[in-house]
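**Student:** Required output: the full structure, derived from the provided sequences and hints.
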Amino acid sequence: MTTMTSAALESQPAIAVRDLTVAYNDRPVIWDLDLDVPAGVLMAIVGPNGAGKTTLIKAMLDLVRPAAGQVEILGQPYRKSRDRVGYVPQRGSVDWDFPTNVLDVVQMGRYGALGWIRRPGNRERELALEALDKVSMGEFADRQISQLSGGQQQRVFLARALVQNADVYLMDEPFQGVDATTERAIITLLKELRSEGKTVVCVHHDLQTVPDYFDWVALLNIRKIASGPVSEVYNETNLRLTYGGRVAFLSRDAAAPATAQAAVEED
Amino acid sequence: MFDLSTAQMEIQLVAIVVAVACALVGVFLVLRQMAMMSDAITHSILPGIVVAFFIVQDLSSPFLIIGAAATGVLTVSLVELLERTRLVREDAAIGIVFPALFSIGVILIARFARGIHLDLDVVLLGEIAFVPFNRTEIFGIDLGPTALVMMSVILLINLIFILLFYKELKLATFDTGLAAALGFSPALIHYGLMSLVSVTAVGAFDAVGAILVVALIVGPPAIAYLLTDQLRLMLVYSAGIGVVVAVLGYWMARMLDASIAGSMASMVGIIFVVAYLLAPQRGLVASYLRRRRQRWEFAGIMLAIHLFNHEGLPSAEQENRVEHLQDHLNWNPDFADRAVRWAERNRIIVRRNSHLFLTEEGREQAREAIVR
Amino acid sequence: MFPDFLTDIYSDYTIRNITLGAMVLGLVSGSLGTFAVLRRQSLLGDSISHAVLPGIILAFMLTGSRDPLILILGAAIVGWLATLSIMAIVNTTRIKQDASLALVLSVFFGFGMVLMTFVQRQPDAAAAGLQRFLFGQAAAIIWDDVRTMLLIGGAAMAVFLLFWKEFKLVVFDRAFAFSLGMPVRRFDVLLTTLLVIAIVIGLQTVGVILMSAMVVAPAAAARQWTDRLGLVTTLAGLFGALAGVTGALISAYAARMPTGPTIVLCLTAIVLFSLVLAPNRGILWAWVRQHRQSRELRSRVVLADLYWLSQQHAGDDSGHSIATLEAMSAGRVAVDHGLEDLEQAGLAERTDEETWTITERGREQAIRDLAEEEREGSDV
Ligand SMILES: Nc1ncnc2c1ncn2[C@@H]1O[C@H](COP(=O)(O)OP(=O)(O)OP(=O)(O)O)[C@@H](O)[C@H]1O
Ligand SMILES: [Mg+2]
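Protein chains in written order, with this note's numbering: chain B, 24 to 290; chain S, 1014 to 1385; chain V, 2 to 381.
Honestly, the hints are just simulated from the structure, not real lab data.
All values derive from a computational prediction rather than experimental measurement.
Be a bit skeptical, because a hint or two may be false.
[Unchecked claim] Pair by pair, the computed Cβ-Cβ distance ranges are:
1. S:Gly-1325 - B:Leu-264: 13 to 21 Å
2. B:Asp-165 - V:Arg-362: 34 to 42 Å
3. S:Pro-1293 - V:Pro-280: 52 to 60 Å
4. V:Ala-346 - B:Asp-118: 39 to 47 Å
5. S:Arg-1308 - B:Arg-146: 48 to 56 Å
6. B:Asp-49 - V:Leu-278: 52 to 60 Å
7. V:Asn-281 - B:Leu-264: 48 to 56 Å
8. S:Glu-1093 - V:Tyr-254: 31 to 39 Å
9. V:Tyr-14 - S:Arg-1097: 45 to 53 Å
10. B:Gly-115 - S:Phe-1067: 48 to 56 Å
11. S:Ala-1200 - V:Gln-123: 48 to 56 Å
Note that beta-carbon positions come from the ideal geometry of N, C-alpha and C, so glycine has one too.
**Tutor:** Below you can see the structure in the form of structure tokens.
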């Protein structure tokens, strides 16, 4: 296909969103969005509630059918690149009283690779335990999932994505409802993923921490306001455009994205 | 066949009163998303009716109604109790409580209620056809069939309750939090409503049986919900639909020589299907037509925004070609073609040798759509 | 009577069929019901079970046959239609799930009753055969029925086990299952089909009106005993079978005990037993735990107070009155009971009728408690 070769020539983006419009019952939620996520970045999607962040992630994963436009991940439609994509849904989207334990949930990350009917075996178990150790949840492997705190649940989801051993990770609010310690642990992990050359996209709500945590950002409110390196596009003008002038408190951070960026590059 | 004897009149009157009484309380059940509670209550009042019947020996005694209705309220609290243990969810709690109570009722009837006219057929179908034979007299004056007198009183109670507490019911239905904050106890309203449902169900039970009461409680309000947005109108419509169901259901039963209660429930289904297809705003046909209209409007705006976003950029040359739409917007050729023609007709765009350009108006529309 | 009963199971043909039939149906509907309960579709089961009535009767009217396989097939088709109607109403109107369920349930059932009156008018006793679909009749189970149940139930269980892993994921985390490219909607259809089968399989034994309980109650009971899905499902099957067999036999032996209601009451007993007694989750254990905790807390408070008093009156530690201790804890705990517990543990001792003092061991314990509290306090 012509589009593929031309994209590959100019150092293929990890995710390429083209003219994407998504509507629920003919009510558009995302209007004609173009977005390139270069490979190997740690990117935040920010925007007010109802901006369409979750919808964008879902459109990338083919969970909602766009009214127009397309998404390519690693140069292919999601259908074909599925095995190389890991997904962390919003924590609230599942029933945590479901009768299963932590290890079992993490093993679900291998179901795609396992294929039909085959059950997880020793190998899956080991991979899952390894991933749990990475998120410091090793000792919780046998714990019933309803007995986890919010932060622990989030880490379990993260571990499940880790065992997917993907190249691109899409995460919906991985920091929602976690304490400062867990947040630091998670971001360290994400930065590790980035240093391994993986691409990580997170929906993020805390505007203060964007410059610390991420190197790339997309500002979204029904349409794309801006996207690019944090140092270039994460400024007051764009934030005002995104949040509609409700972000007076931001001026401190917005004034100093350059220094924040420097901090990110240090580690 | 169409000459009405007094008995037939009376049967229809009872059916109408039952249907209206059910429909009125049903509106609030449907809006509060507790319709299945009516299923639970109508099943579980059975043991209450049986036990109360053993005691008072009269199916239409007010004591029996109150006693049996208490079982209905008991069901509601049992479900809540189970739910509060956090061991089972609400749906499972309902699904455990009422079969248990209903089973007790059925076994009681099967074992002990032989020879009295309370058998399993009555439980399922009621005996509205026999209604005229059981009459109420006061001081020797015939007031009409007992069931009619009883259901009229229940209807009156329902009406009074709804009229008196209209404001509170409305508030508690649409915003439980706010109702609580304003000092109207949602629990009180909840149990008040549940008591009404129970009393109504017990009264109607005699006429149409346990399961078909559900059709009368949930059906008319659900149909009315397709027809209007206003609570007041919804009450009026449901009552009206209840009347229609009662009358048409009765005649359907006469013509087919079938169960009256079953025919009334089937009539609910028929009217529902009609409303489902033909309701003026929310019917399937109406929304299909609206969808079709909106589809092109939506496509046109989508096109406008697409062009707007690329206007003045180097890529514009690429993006605004007609052939390109298929590729980039992922539209199939036919759809793209029709969308372009729609947009041209509505002066959103103009076509100049296979390139598309926004008109001033199109630009305005795109801007408006994006910056909301 | 009891020994009779047991030998009957082996010798008496009827009893063997009843036992076998009830066991198979309990096993199948109990275990297949687990996912319905976990998907919060308990009431969908109720709706389907009522709604299949016209299916049974239509199947009979059209074919004139009373072959269980045909009647069950009719029920399954209409059960499916009912489910589709419910989904259509929920998806295309603003009527919510609950009202759709209730509407479909009652309208279909009402229609079934209309059809029933047609059948009843026929001269032969056909109606009597269909009547038993209302409340079930274990005594009428014959080998044909058992074979049909085995056939359908076995097929359903095979599918269930084959796609176990997929079902689990789809029910637990739909979005994630979608992201892995699973045909989630097809699994929805499959799960719903299994639910329909779980229901129709027991119709002639338990009856349409109460069959939903066979699907919901075993899972709800089983869930209390374990946190593992496999075990929940197995236990649910066992509970279902237990209740099925017990209820069916009682109903077959005792006069005027309708089968469906009897089985349901057996099930209810199992549910109550599980809710109260299941270890960990059971109400009784929760109560015991809470009681123990509050007792421990009580002792701790009283001990801390005693310790403080003994520090204050370092020279003269001859005893502190209960009244003082009560004043210190400001009526929060029952001081006298607390003191008794402490005495038993050797942490405090009585110096007089109404006065108490802390022992050496009590002092050590109090110091440990304080240190622990401090540690926890700094954590927060
Ligand atoms: N399944 C759906 N059906 C209809 N409308 C939907 C659906 N899901 C989302 N919406 C609407 O789409 C809009 C965007 O939703 P989305 O969940 O993408 O927002 P978001 O940016 O993730 O918001 P938040 O910060 O609250 O998570 C909202 O207005 C929402 O009401
Ligand atoms: Mg979101």
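**Student:** Each hint needs a verdict: does it hold in this structure or not?
**Tutor:** Here is how each hint holds up against the structure:
| no. | hint | verdict |
| --- | --- | --- |
| 1 | S:Gly-1325 - B:Leu-264: 13 to 21 Å | holds (18 Å) |
| 2 | B:Asp-165 - V:Arg-362: 34 to 42 Å | holds (36 Å) |
| 3 | S:Pro-1293 - V:Pro-280: 52 to 60 Å | holds (59 Å) |
| 4 | V:Ala-346 - B:Asp-118: 39 to 47 Å | holds (43 Å) |
| 5 | S:Arg-1308 - B:Arg-146: 48 to 56 Å | holds (50 Å) |
| 6 | B:Asp-49 - V:Leu-278: 52 to 60 Å | holds (54 Å) |
| 7 | V:Asn-281 - B:Leu-264: 48 to 56 Å | holds (54 Å) |
| 8 | S:Glu-1093 - V:Tyr-254: 31 to 39 Å | holds (37 Å) |
| 9 | V:Tyr-14 - S:Arg-1097: 45 to 53 Å | holds (48 Å) |
| 10 | B:Gly-115 - S:Phe-1067: 48 to 56 Å | holds (51 Å) |
| 11 | S:Ala-1200 - V:Gln-123: 48 to 56 Å | holds (52 Å) |
The structure meets every hint from the earlier list without exception.
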